[in-house]
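Asks: Take a look at the letters that make up each chain.
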Amino acid sequence: MSTATLATPVATAAEEPAATSPPVPENCKTVGRVTADGALLIARGVNVFYGEKQAITEVSIDIARNQVLAMIGPSGCGKSTFLRCLNRMNDTIEGARVTGSIVLEGQDIYDKHQDVVQLRARVGMVFQKPNPFPKSIYENVAYGPRIHGLAADRVELDEIVHTSLQRAGLWDEVKDRLTSPGTSLSGGQQQRLCIARTIAVNPEVILMDEPCSALDPIATARIEDLIDELRESYAIAIVTHSMQQAARVSQRTAYFHLGDLIEVGETDRIFTNPRHKLTEDYITGRFG
Amino acid sequence: MPHFALLVALAALAVLGYWVGKQRSLQLVGGGRGIRKLHSLPAYYGFLTALWCALPALLIMAVWLLLQDTIISSLVLSKLPVALRGQNAGELGLLTNDIRNIVLGNIPAAAARPEVLVAAQDYRRLQGIADLALSGLVLAAGLAGLAWVRSRINPALRARNSVERIIELLLLGCSMIAVFVTLGIVLSVLYESLRFFHAVSLDQFLLGLQWSPQTALRADQVGSSGAFGAVPLFLGTVMISGIAMLVAVPVGLFSAIYLAEYANRKFRASVKPVLEILAGIPTVVYGFFAALTVGPFLRHTGELVGLKVASESALAAGLVMGIMIIPFISSLADDMITAVPQSLRDGAYALGATRSETIRQVVLRAALPGIVGGVLLAISRAIGETMIVVMAAGLAANMTANPLEAVTTVTVQIVTLLTGDQEFDSPKTLAAFALGLVLFVVTLILNVVALKVVRKYREQYE
Ligand SMILES: Nc1ncnc2c1ncn2[C@@H]1O[C@H](COP(=O)(O)OP(=O)(O)OP(=O)(O)O)[C@@H](O)[C@H]1O
Ligand SMILES: [Mg+2]
Numbered sequence: 002m003s004t005a006t007l008a009t010p011v012a013t014a015a016e017e018p019a020a021t022s023p024p025v026p027e028n029c030k031t032v033g034r035v036t037a038d039g040a041l042l043i044a045r046g047v048n049v050f051y052g053e054k055q056a057i058t059e060v061s062i063d064i065a066r067n068q069v070l071a072m073i074g075p076s077g078c079g080k081s082t083f084l085r086c087l088n089r090m091n092d093t094i095e096g097a098r099v100t101g102s103i104v105l106e107g108q109d110i111y112d113k114h115q116d117v118v119q120l121r122a123r124v125g126m127v128f129q130k131p132n133p134f135p136k137s138i139y140e141n142v143a144y145g146p147r148i149h150g151l152a153a154d155r156v157e158l159d160e161i162v163h164t165s166l167q168r169a170g171l172w173d174e175v176k177d178r179l180t181s182p183g184t185s186l187s188g189g190q191q192q193r194l195c196i197a198r199t200i201a202v203n204p205e206v207i208l209m210d211e212p213c214s215a216l217d218p219i220a221t222a223r224i225e226d227l228i229d230e231l232r233e234s235y236a237i238a239i240v241t242h243s244m245q246q247a248a249r250v251s252q253r254t255a256y257f258h259l260g261d262l263i264e265v266g267e268t269d270r271i272f273t274n275p276r277h278k279l280t281e282d283y284i285t286g287r288f289g
Numbered sequence: 498m499p500h501f502a503l504l505v506a507l508a509a510l511a512v513l514g515y516w517v518g519k520q521r522s523l524q525l526v527g528g529g530r531g532i533r534k535l536h537s538l539p540a541y542y543g544f545l546t547a548l549w550c551a552l553p554a555l556l557i558m559a560v561w562l563l564l565q566d567t568i569i570s571s572l573v574l575s576k577l578p579v580a581l582r583g584q585n586a587g588e589l590g591l592l593t594n595d596i597r598n599i600v601l602g603n604i605p606a607a608a609a610r611p612e613v614l615v616a617a618q619d620y621r622r623l624q625g626i627a628d629l630a631l632s633g634l635v636l637a638a639g640l641a642g643l644a645w646v647r648s649r650i651n652p653a654l655r656a657r658n659s660v661e662r663i664i665e666l667l668l669l670g671c672s673m674i675a676v677f678v679t680l681g682i683v684l685s686v687l688y689e690s691l692r693f694f695h696a697v698s699l700d701q702f703l704l705g706l707q708w709s710p711q712t713a714l715r716a717d718q719v720g721s722s723g724a725f726g727a728v729p730l731f732l733g734t735v736m737i738s739g740i741a742m743l744v745a746v747p748v749g750l751f752s753a754i755y756l757a758e759y760a761n762r763k764f765r766a767s768v769k770p771v772l773e774i775l776a777g778i779p780t781v782v783y784g785f786f787a788a789l790t791v792g793p794f795l796r797h798t799g800e801l802v803g804l805k806v807a808s809e810s811a812l813a814a815g816l817v818m819g820i821m822i823i824p825f826i827s828s829l830a831d832d833m834i835t836a837v838p839q840s841l842r843d844g845a846y847a848l849g850a851t852r853s854e855t856i857r858q859v860v861l862r863a864a865l866p867g868i869v870g871g872v873l874l875a876i877s878r879a880i881g882e883t884m885i886v887v888m889a890a891g892l893a894a895n896m897t898a899n900p901l902e903a904v905t906t907v908t909v910q911i912v913t914l915l916t917g918d919q920e921f922d923s924p925k926t927l928a929a930f931a932l933g934l935v936l937f938v939v940t941l942i943l944n945v946v947a948l949k950v951v952r953k954y955r956e957q958y959e
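Protein chains in written order, with my numbering: chain A, 2 to 289; chain B, 498 to 959.
Isolated chain B (complex conformation) (with noise of 0.2 Å):
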């Protein structure tokens, strides 16, 4: 891996400009005894002088290496004889695969025809001549930044100014990507649900009643035209998330409330770990518990008293969901509660207001805004869920207010949408992408209320 070995080069060299340029500054100044006359500690020489040596060679690396492949494929396909280079771009890409895994050794050189092999001798040979030339590259661009730096020490080089301003600019690249990742995922949603919406208007998704997203694979195909209202989707979700927040919320406010104003210490050290634990469970693991246990267990239950109840139910799925959110909200609602200061409840206590009088009217009155913050978000994190619903609560876009029935939610379809064997154009598969648009949009909308509400809380006591 000469790529690897040129890495550990390079840090070697730096590691050298770091002990070149501090031994420089201190040389400059007649040793230890005249730091004081240098503008920086001996070691911002240093640093300086190694962060120049090592951040243009490996800017210079990338960037090659970004390059290498394409520009040599490119040499490799012009000697090709005429005859194997005049094909469509398609298969010409698949020649340049072939060629780029016999020289890989995925695929063994036997078996490959001689124009094929002579074309992978061409690249190996050109790959070997490019390693060698971005070593010496990369190892003279490490060099001169060092003797580039270290000629330009003195005693009033602003050394840890310039490297701090250095690692600001690193950190600032960092937090960019963060940025650019995101902005770019939320801009190809963005097209590719345009694209959807040239095929179907935005009306007739955001307010049509029936969703059968088959359309026709081949041109021959009769009978599935495709029908793209989402309202049984959101209202399929709404109803699993609405289930589920009337288990979470009060389940895991009181416990709560429990945990924070009633419990003694020895409870609580016991009880918080168990509910972190309920956190930490992959919802796969919810999944299957409600699609073999809960919804069987309702069907059940439905039988004994005459109801029918789907095996795949919106109840099962809301259900296990509110378990699953359970610690999120109690976790949240405690951090809550804690926080407001003891002197309220002193001062309530101090009044004769009994243990739940000051609960109900100061303590809670004073975390409400944190805890509804919190179910906000919650609800974010219900809507957003899949996994349980994948495996409980059905694949039928039904309308249907009825719990007991199976219902289907924006993420199922987006995962049914984009699964299997699918053409990339089609509005069936765009359709995700609006979904997903809309997903995003109001989980957005919920997550900013929510957080400007708990910081706001945050503020009050600080």
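Extracted from the complex, chain A is given alone in its bound form (with noise of 0.2 Å):
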């Protein structure tokens, strides 16, 4: 890709790799410090393709406990595409490819010894369209736990249900009516519905692809609440358009441009201080 384009960068990636990391491929052209303390997922020198054409160029970046990372840039830029390798979805994807190494934990999730659905019981995800499954409210989050046998009988599901939704923030709003449909709640209360389902597996990680871009602001602002809260206990990644959002929730940010990953930082410096144009362009508005 155009990586000739960018300005020479102001500092190299690998400056201060972390003591677990792998190291990071000399190649890598991003600016800031892509590494992270207590990193859980880690990618390193990531390339994805849809058939002959390259929607990721070599990024490599760390995610980590306890933290939110919010990615950035302009629309086309490749955020879901790398979101949706973290837990292999583009695998469902014809003619997508996907090279470089994600590793959770130790282990390359693109190893062919790799059970895709332990990945994503480990690695959960949230859409950007609410999509509740044709079930009822308990159905949709006991789904998961069922399908990967978490509860031994009936109480213990009910437990976890009582819990996610409980954290979700849903359980005083649905409680009464658990087993009316998942489609019958407004589209704030959905999202809030698929977290729900997300974490009653119980995943390490979870990446939200603008979670709250059909929503009002005041259910987003509930969303937003929520994720601060879930930061206690998963490693969250979420792609958002809103810098706004991105300030408000997360910690670090990454900022992607027409498949590169241009920089990461602090949450606070990126936006005050961004040492690539590129991120400056863009935080400014001076860029689409």
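Take the hints with a grain of salt, since some may be wrong.
One side of the interface only, derived from the structure: several residues of chain B facing chain A at Cβ under 7 Å [as the list claims (entries may be wrong)]:
# : residue
1 : L841
2 : G849
3 : A850
4 : T851
Simulated from the structure, these hints should not be mistaken for lab results.
All figures in this text were calculated on a predicted structure; none of them were measured in a lab.
Even for Gly, the Cβ is constructed at its ideal location relative to N, Cα and C.
Take each chain as given, in its own frame, and dock them per the hints.
Replies: Structure below.
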């Protein structure tokens, strides 16, 4: 891709490698520190192709525990594509191909022996449009625990459903109507239901692709609060088009541009003092 | 063919009318510059003129042609000698036919009686007059319409609104034709069925266990008084449709699942057309396939394992009908499955569901109402299917639950009741209408329920 057009990096990516992380490839042009303390999911030199077309070029970044990583960038720059690599959702797309390595706690998730089912139980995902299953509210949340056999009996399952809905901040609103269809909820409630569904399988990482873009400001605020609470227990990566949202919920921010990861850094620093020209243009609104 | 020439002339007049109307409107506002002063575009004034020129004239022509023959015939007949006229209605009808046939040249004139020849000449003369009068009237009506609209054209005339209104009425007329024809069929079936139920009581028909519709054709015939208990037919229909659905639902549904969820694009692109070809095979071809291949095959196989299989069996007909219905179910189910949004699949995959879990527990679950609707439609097709069962299931109204025996269905009995020489008011013939009514009511209910279910499902994701 067009790495040649980028300005000279101000700092190299590998300047302070974390002890646990694999080394960052030499050709990494990303500005800022791509590694993080407590890294759980580690991407190194990831390329994604859709058929002949390359959508992601040489992306290296860590996703760490108890931290929210925001991914921002103009439309079509590959944020969703990268996010979907992290739990191998790209497997379902015909013609999609991933190279490089993505390691979850020491194990390459693209290894032949990796079981996708287990991987996705550990790396959950929330989508842009709420997508509750055509089942009851209860069954929506119980679905994951059921297919993974997480509950020994009905009592345990009830307990999981209860705590998941509670942590997603939805319990009080739905406790009297657990048997009504998930689709009967409002958009914001549906999205929280989807979050409850995701945390019900007790993942380690939660990936969110523009989880608020279909919601009104109040529902959005609730989800943002929720993300902040979930940070206590999970590693979270969120794609967003709202820079305010990135600033509010995240601790680290990554800026993507045309398939390249341009800059990574502490959210406060990125928004007050971007080092790369493209990042600066984007957050000051000089870029589409 | 003077009527055809007349139509061409009328069409030409309408084209002229279009041109006149358009020019007139332009002329009123002083040419193309003034178009904005007109309420509608000039073409609409043209259309309005053409429509008023053609439609009333066509209406007159249609009515005239409808009545012409009757009127001329009665005029001709009234001039015939009393000896010929004073016959009963049937023979008078034959006479009229003879005259018309001579006029049309279907019978050589030499073979006819002299009085009839005279009458035929009279008929021809009157027809000539009538044609001339019709041409004059139609063209006059066309011209009158043209002149009338032209005189009314002014810049404020809402030509567009009028044209659109007329077109709307034309469309309404066409849909009314469909509605009335359907209504007419339903009413006539209902009426004939009621006549049947005068002869045979409703509960005898619906609950009777014996079906042998041979009634005495002549008063002196004995031994066939007729029994109209339709239960054996209902049972046969249910059994054959049931066998068909047992074949078609699993095969159709599973192939749809494979095509929609597992097959790659290339396989899908080559298999779907084949399924569609299967849907395009005429049922009569399936019919002889059932009668000549499947039936004997089943009988031989039965012999090998010591089972007695009739050469015309419910099993053979049901199996082949099932094959016929496979593409119907698979293409409907395929539509329903592909209509399930990808986001639902993504949601399940993201929770760690396997492909088969996703399909069984999420995709099929979401598509279920639509699939059920499709299956109901397929059942109503199976019930109404005739050709295969006529050829492969036999005619014997056996009261049996054994699929290896010959049975008969409602549709087959309708066919046999109405083929051959019939007396049209015997209970035997009327029974066909009663059976038709039952068939109609059942398939109507199935279709209404099915369409409701399908529609509800469609709304869910739109
Ligand atoms: N299934 C696919 N097949 C082919 N190309 C794809 C596919 N999905 C995405 N792409 C291409 O990959 C590039 C990155 O797409 P992606 O959806 O990751 O962008 P994005 O950053 O998420 O954009 P947005 O902010 O609009 O969601 C785009 O150029 C897109 O056209
Ligand atoms: Mg996206």
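Asks: Indicate, hint by hint, whether the structure satisfies it.
Replies: Evaluation of the provided hints:
Using the Cβ-Cβ criterion of 7 Å, the hint placing L841/B at the interface with chain A is satisfied: the shortest such distance is roughly 6 Å. A cut of 7 Å between beta carbons decides the hint on G849/B: the least distance to chain A is about 4 Å, and the hint holds. For A850/B, the shortest C-beta to C-beta distance to chain A is roughly 5 Å, which falls under 7 Å, so the interface hint holds. Because the beta carbon of T851/B sits about 6 Å from the nearest beta carbon in chain A, less than 7 Å, this interface hint is met.
The structure is consistent with each of the numbered hints, conforming to all of them.
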